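A.B. asks: As they're listed, the protein sequences go chains B and R.
The first sequence stops at residue 208 when you use the working numbering, and every number in between is there.
The second sequence stops at residue 208 when you use the working numbering, and every number in between is there.
Hints in this document: simulated from the structure, not taken from any laboratory.
The structure displayed is predicted, hence computed values, not measured ones.
Among these hints, one or two may not hold up.
No distinction is drawn between identical chains; accordingly, a pair holds when it is met within one copy or between any pair of copies.
The calculated lysine-lysine pairs, modelled on PhoX-like cross-linking and capped at a C-alpha distance of 20 angstroms, are [claimed, not checked]: (1) Lys-123 with Lys-33; (2) Lys-58 with Lys-42; (3) Lys-161 with Lys-33; (4) Lys-180 with Lys-42; (5) Lys-81 with Lys-100; (6) Lys-100 with Lys-123.
There are 2 protein chains.
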Amino acid sequence: MEKIPRPVIRRLVVYYRCLERMKGEGKEYTSSKELARRLGIKACQIRKDLSYFGGFGKRGVGYKVENLRERLEEILGIGQKWRAVVIGAGNLGKAIAGHKPLQQQGFEIVGMFDTDGRKIGKKFGNLEIMHMSDLKKFVEENDVKIAILCVPADSAQDAAKAVEEAGVGGILNFSARVIKVSIPVENVDFTASLKSLAFQIIKRKGKA
Amino acid sequence: MEKIPRPVIRRLVVYYRCLERMKGEGKEYTSSKELARRLGIKACQIRKDLSYFGGFGKRGVGYKVENLRERLEEILGIGQKWRAVVIGAGNLGKAIAGHKPLQQQGFEIVGMFDTDGRKIGKKFGNLEIMHMSDLKKFVEENDVKIAILCVPADSAQDAAKAVEEAGVGGILNFSARVIKVSIPVENVDFTASLKSLAFQIIKRKGKA
DNA sequence: TAGATTGTTAATCGATTAACAATC
DNA sequence: TAGATTGTTAATCGATTAACAATC
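Whenever a hint applies, use it, and build me the whole structure from the sequences.
C.D. replies: Here's what the structure looks like:
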């Protein structure tokens with residue numbers, strides 16, 4: 001398979017969600033032009049993105065909504081169940097663990113871990129908070145593929161290392177720190193996003 | 001001012017955080033090389049990024065940690081207080097509102113809004129949950145600059161529009177939907193990140 | 001001076017956009 | 001056939017990396 005640019009995958013997810021909605025609306029066919037209009041993206045970019053994975057449309061006609069949705073589901077691995085653990089039982093960790101859209105989209109949170117003795121053994125919903133020292137065993141027994149890292153910046157590297165050693169497949173990193181591991185990582189650094197936003201607001205004020 | 005590529009600002013935030021830590025470690029001088037090593041970024045990229053805003057270093061010597069930190073603080077608007085509201089008083093909204101690192105970094109959550117009648121009037125910490133219909137007045141009276149959008153995808157566009165009309169300067173969008181407004185937006189779409197991560201794990205498995 | 005590191009220009013790389021032949 | 005839209009190649013754009021003169 002040809003190398004896929006990172007941004008393409010992000011957009012594929014966006015296309016997928018739009019197709020889900022179109023399906024809900026009872027739409028049978030769509031086109032790159034229509035998707036482009038709804039998503040604020042160029043039509044040729046959509047076609048180009050799809051072309052990395054094959055031709056899914058009919059010239060002169062467009063794409064069959066359900067067919068394209070299914071193909072993207074397959075490509076993105078959305079069909080399968082992804083068993084995940086949350087590392088860090090703070091506010092954020094609990095919010096993620098309780099985030100309903102995740103469950104609906106095939107991500108099942110099967111465990112929560114922390115290092116704070118006062119939290120261990122407590123329940124959050126039907127999840128018991130476990131100690132990091134039990135992570136490896138739990139991952140092996142429960143076929144955990146993803147770890148969602150919600151720990152403070154200073155603990156991030158240690159936690160990430162433990163996750164990697166436990167045999168988890170990839171990390172969604174909410175901590176405000178670059179982590180160094182050899183498994184795939186996606187960073188969700190919203191304090192950086194917020195600062196970047198602040199910068200844009202300042203810049204804009206300057207112009208106005 | 002020359003146009004600054006978006007990714008540059010994100011990295012500036014990362015540099016800033018690293019400098020804060022270096023300051024904490026009592027380091028007086030650093031270099032693009034050292035920053036590069038600590039952050040897993042190329043040294044020339046750091047110099048290039050900084051060069052958009054001027055020359056902050058001394059050839060042959062490097063950068064004075066505290067000096068560079070201060071300049072970045074200034075550029076990014078980190079020195080000033082940013083008053084923000086959270087839209088959507090669900091799990092996620094509450095987690096963000098209670099997220100301590102935000103307060104420490106100059107972002108103050110001064111209000112929470114929702115449209116669910118059962119939530120209005122309830123307290124979260126020392127914040128009272130208010131109705132969206134009161135947003136405009138609140139924003140004007142409290143000089144709110146940022147709105148953090150934590151509503152379900154289907155409500156995102158309406159909420160974003162209300163935020164824009166209330167006169168807020170920019171939006172941090174946690175919802176899984178593209179929103180169309182004319183003020184700056186930063187998207188934090190972690191379900192998309194999670195799906196992108198899933199794809200990378202699949203791809204990697206294929207190779208191994 | 002010799003060594004080090006910046007700031008900046010030029011080269012490379014990668015991603016987006018435009019254009020259009022293929023074809024439904 | 002005429003009109004529409006894809007899939008793909010080529011052109012453009014933008015960001016990263018390399019290279020090096022300037023200079024501490």
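A.B. asks: Hint by hint, which ones does this structure get wrong, listed from lowest number up?
C.D. replies: Checked against the structure, the hints that fail are numbers 1 and 3, while the rest are satisfied.
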